[in-house]
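Peer 1: For the record, the sequence lines run as chains A and B.
Here this note's numbering is used: position 112 in the first sequence is 130, and no number is missing along the way.
Here this note's numbering is used: position 247 in the second sequence is 265, and no number is missing along the way.
Keep in mind the hints are simulated off the structure, nothing from the lab.
Among these hints, one or two may not hold up.
The calculated EDC-like cross-link candidates involving lysine to aspartate or glutamate, where the alpha carbons are at most 20 Å apart (straight line), are [to be verified]:
(1) A/K161 - A/D210
(2) B/K184 - B/D164
(3) A/K216 - A/D245
(4) B/K216 - B/D339
(5) B/K275 - A/E270
(6) B/K21 - B/E39
(7) B/K275 - A/D245
(8) B/K159 - B/E301
(9) B/K161 - B/D210
(10) A/K56 - A/D107
(11) B/K184 - B/E205
(12) A/K275 - B/E270
(13) A/K21 - A/E84
(14) A/K275 - B/D72
(15) A/K186 - A/D210
(16) A/K275 - B/D245
(17) B/K56 - B/D323
(18) A/K74 - B/D245
(19) A/K159 - B/D156
(20) A/K128 - A/D107
(21) B/K128 - B/E93
(22) A/K74 - A/E270
(23) A/K347 - A/E39
(24) A/K184 - A/D164
(25) B/K275 - A/D72
(26) B/K56 - B/D130
(27) B/K74 - A/D245
(28) A/K56 - A/E84
(29) A/K56 - A/D323
(30) B/K159 - A/D156
These numbers were taken from a predicted model, which means no experiment stands behind them.
So you can see what is in the structure, the chains are spelled out below.
2 protein chains.
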Amino acid sequence: MNKQQILRNRPTTLPDNSTWELISSALPQPAADEVLVKTHYVSIDPAMRGWMMDRKSYLPPVQIGEVMRAGTVGEVIDSNGHPTFHVGDILSGWGGVQQYFTTSGEMQYKVDTSMLPMAKYLGVLGMPGMTAYFGILDVGKVKEGDVVVISGAAGAVGSLAGQIAKIKGCRVIGIAGGPAKCNYVAETLGFDACVDYKANNVYNDLSSHCPQGIDVYFDNVGGTILDAVLAQIRLNARVVLCGAISQYNSTEVYGPKNYLSLLINRGTMQGMVVLDYVSRYQEAGAQIGQWMMQGKIQSEETIIDGIENLHPTFLRLFNGDKRGKLLLKVIED
Amino acid sequence: MNKQQILRNRPTTLPDNSTWELISSALPQPAADEVLVKTHYVSIDPAMRGWMMDRKSYLPPVQIGEVMRAGTVGEVIDSNGHPTFHVGDILSGWGGVQQYFTTSGEMQYKVDTSMLPMAKYLGVLGMPGMTAYFGILDVGKVKEGDVVVISGAAGAVGSLAGQIAKIKGCRVIGIAGGPAKCNYVAETLGFDACVDYKANNVYNDLSSHCPQGIDVYFDNVGGTILDAVLAQIRLNARVVLCGAISQYNSTEVYGPKNYLSLLINRGTMQGMVVLDYVSRYQEAGAQIGQWMMQGKIQSEETIIDGIENLHPTFLRLFNGDKRGKLLLKVIED
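Construct the entire structure; sequences and hints are all you get.
Peer 2: Here's what the structure looks like:
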């Protein structure tokens, strides 16, 4: 049997018990040229909140009754004559929140788990890693000496974006929630400092760490933190709009009241979607892998066991109860 | 005697009778290497509202007791050995709201009034013209076929930005207040259409004129109109932040609630300050002048007589009672 999490109701605020339904269905059989994949880990991402909304976006909305869309990593356990994938291959791609799926291989990539565990391919070497890499380098255009601020600094994307900025010679200030995470960001990840937004003093804390102002802001959170940064940007600052997790469950989005600081400072605020960089994933993966081998990049996963725990696991994205990449383990021992 | 408008009180909302004081002082005498200029016209600009605020910005604030900063055009009537300027020369630059001033010539440019009246050098060939030119071309990066929306379309900057976009082969939709201005924008300036924001239907009106969405938005107004546009931008849209006249007299700025449309659409919102392009003013002036000679660009001035009328004239920027460039004539007949 195959356990699947189906979208049942579109949430208007935080997802609740009625958002998804766990169902059991027959094990799917691969059609001609398809493989059957047994998923080990499902990626739990803030972007999933957006995919549940019935609106035009960079991907079509998940439909009511469909398996919840998600990135996955798993093992090929059967092949019906697939030309390139074989039993035993490990595939990363769009498997959805379910234990098994069949695929022709489109948007599935074979990954090498001889050196690194599977879970890394949903984190530092997966979409969060790609997002951080292209966001901080191509959109943020960081250069040596820049003062860089990263929100969600203990998260999968922010933690890597900040470490890449450090490698590039920037002064990097993180923003995270609570002393434990801030300590992790500063001590383990090696940021120059980390501001605890739960201390409710973000503007002043940033000001003391960035007395000359901020050149690059990598925004994962939106809301009043975005405003606190905008008020302190320098000439020609770049704001990378990667996400706005503080706003995803609001019925009305908080618009940045300090956006005119972009005018005065000739700043740029630019949105990014990682899917645009798919042709360069290989380049980014090779570079990130090299930095990992050199010990220049730390990464971590928070793994929650059991496909039935999708809902409480998803809530951790919003209550902050996780560190690094959040994964749902759906394979049963 | 020299009449001068002095900043007396910093306004928190709209300037009132106590904001400026008209004083008379002795005619200044040019020091060595200086000239004395008799000002004909003073440029009345939305940016002046910002210069009155006591905050860090792209120019220092006007101080209480100082002559109000403004762009001017006038005639050299005396020279104390200035190396390049002579009596009879017409200078455009920062003269302030006063009838006479002395200058060493810094930030003053000699202009040629043999073909065009003096007033044009504060409008289509002055800072508004430069702002439109670099804003729509360098920041907006308009290209043939783009759908371009311009707010403040009947104003000095917007009217020119839209006409340049038309020259570049774009489809151009203006936004202006009232049927008379909209008619001017569409008929005289040749925009493809103009939306009357006073009809309170901006989102739907834009939607009907731009069914495929908006590539470039040149924003002079901010507020809910910016939100209406952001909701309809296309992939890789560019938003040029030139001004936000709807917000200049508010104690709290309206933040654009739809800013996350930049994320979904990989859009860019970029601030601009025309002073950054001073080294290219000559290039822009030559090109705009050529387009004027070819009849491709229309421009207009609203000229109010009398230095004593600074306050009611300034209010016209905000109540919309003007068209094209707003000027205060300070020379007495």
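Peer 1: Against each hint, give a clear statement of whether it holds in the structure.
Peer 2: Consistency of the hints with the structure:
Distance check on the hinted pair: A/K161 and A/D210 sit about 16 Å apart at the alpha-carbon level, within 20 Å; holds. Restraint check for B/K184 and B/D164: satisfied, since their Cα atoms lie roughly 10 Å apart, inside the 20 Å limit. Annotation: proposed proximity of A/K216 to A/D245 holds, straight-line Cα distance about 16 Å (limit 20 Å). The hinted pair formed by B/K216 and B/D339 meets the criterion: a straight-line CA distance of about 13 Å does not exceed 20 Å.
The suggested pairing of B/K275 with A/E270 holds, with an alpha-carbon distance near 8 Å, which does not exceed 20 Å. Taking the CA atoms of B/K21 and B/E39, the gap is about 10 Å. The hint holds against a cut of 20 Å. Taking the CA atoms of B/K275 and A/D245, the gap is about 13 Å. The hint holds against a cut of 20 Å. This hinted pair checks out: B/K159 and B/E301 have alpha carbons roughly 17 Å apart, not beyond 20 Å.
With a C-alpha separation of about 16 Å, the suggested pair B/K161 and B/D210 falls inside the 20 Å cut-off, and the hint holds. Restraint check for A/K56 and A/D107: satisfied, since their Cα atoms lie roughly 11 Å apart, inside the 20 Å limit. Only pairs whose Cα atoms come within 20 Å are accepted, and B/K184 paired with B/E205 is accepted, the gap being roughly 13 Å. Between A/K275 and B/E270, the direct Cα distance comes to roughly 8 Å. Compliance with the 20 Å bound is thereby established for this hinted pair.
Restraint check: the Cα-Cα separation between A/K21 and A/E84 comes to about 13 Å, which is no more than 20 Å; the hinted pair holds. For the proposed pair A/K275 and B/D72, the alpha carbon gap of about 18 Å is at most 20 Å, so the pair holds. At most 20 Å may separate the alpha-carbon atoms for a hinted pair to count; A/K186 and A/D210 meet this at roughly 13 Å. A distance of roughly 13 Å separates the Cα atoms of A/K275 and B/D245; the hinted pair therefore holds under the 20 Å criterion.
For the hint pairing B/K56 with B/D323, the CA-to-CA distance comes to about 16 Å; that is within 20 Å, so the pair holds. Taking the CA atoms of A/K74 and B/D245, the gap is near 17 Å; set against the 20 Å cutoff, the hint holds. This hinted pair checks out: A/K159 and B/D156 have alpha carbons roughly 19 Å apart, not beyond 20 Å. Straight-line distance between C-alpha atoms of A/K128 and A/D107 comes to about 7 Å, which keeps the hinted pair within the 20 Å bound.
A hinted pair counts as satisfied when its Cα atoms are at most 20 Å apart, and B/K128 with B/E93 qualifies at roughly 10 Å. At roughly 17 Å between alpha-carbon atoms, A/K74 and A/E270 fall within 20 Å of each other, so this suggested pair holds. Our distance criterion of 20 Å between C-alpha atoms is met by A/K347 and A/E39, whose separation comes to about 17 Å. This hinted pair checks out: A/K184 and A/D164 have alpha carbons roughly 10 Å apart, not beyond 20 Å.
Straight-line distance between C-alpha atoms of B/K275 and A/D72 comes to about 18 Å, which keeps the hinted pair within the 20 Å bound. Restraint check for B/K56 and B/D130: the C-alpha separation of about 16 Å stays at or below 20 Å, so the hint holds. As the CA atoms of B/K74 and A/D245 are separated by approximately 17 Å, the hinted pair is consistent with the 20 Å bound. Using a Cα cut-off of 20 Å, the hinted pair A/K56 and A/E84 holds, with the two alpha carbons roughly 19 Å apart.
Of the pairs offered as hints, the one joining A/K56 and A/D323 holds, with about 16 Å between alpha carbons and a cut-off of 20 Å not exceeded. At roughly 19 Å between alpha-carbon atoms, B/K159 and A/D156 fall within 20 Å of each other, so this suggested pair holds.
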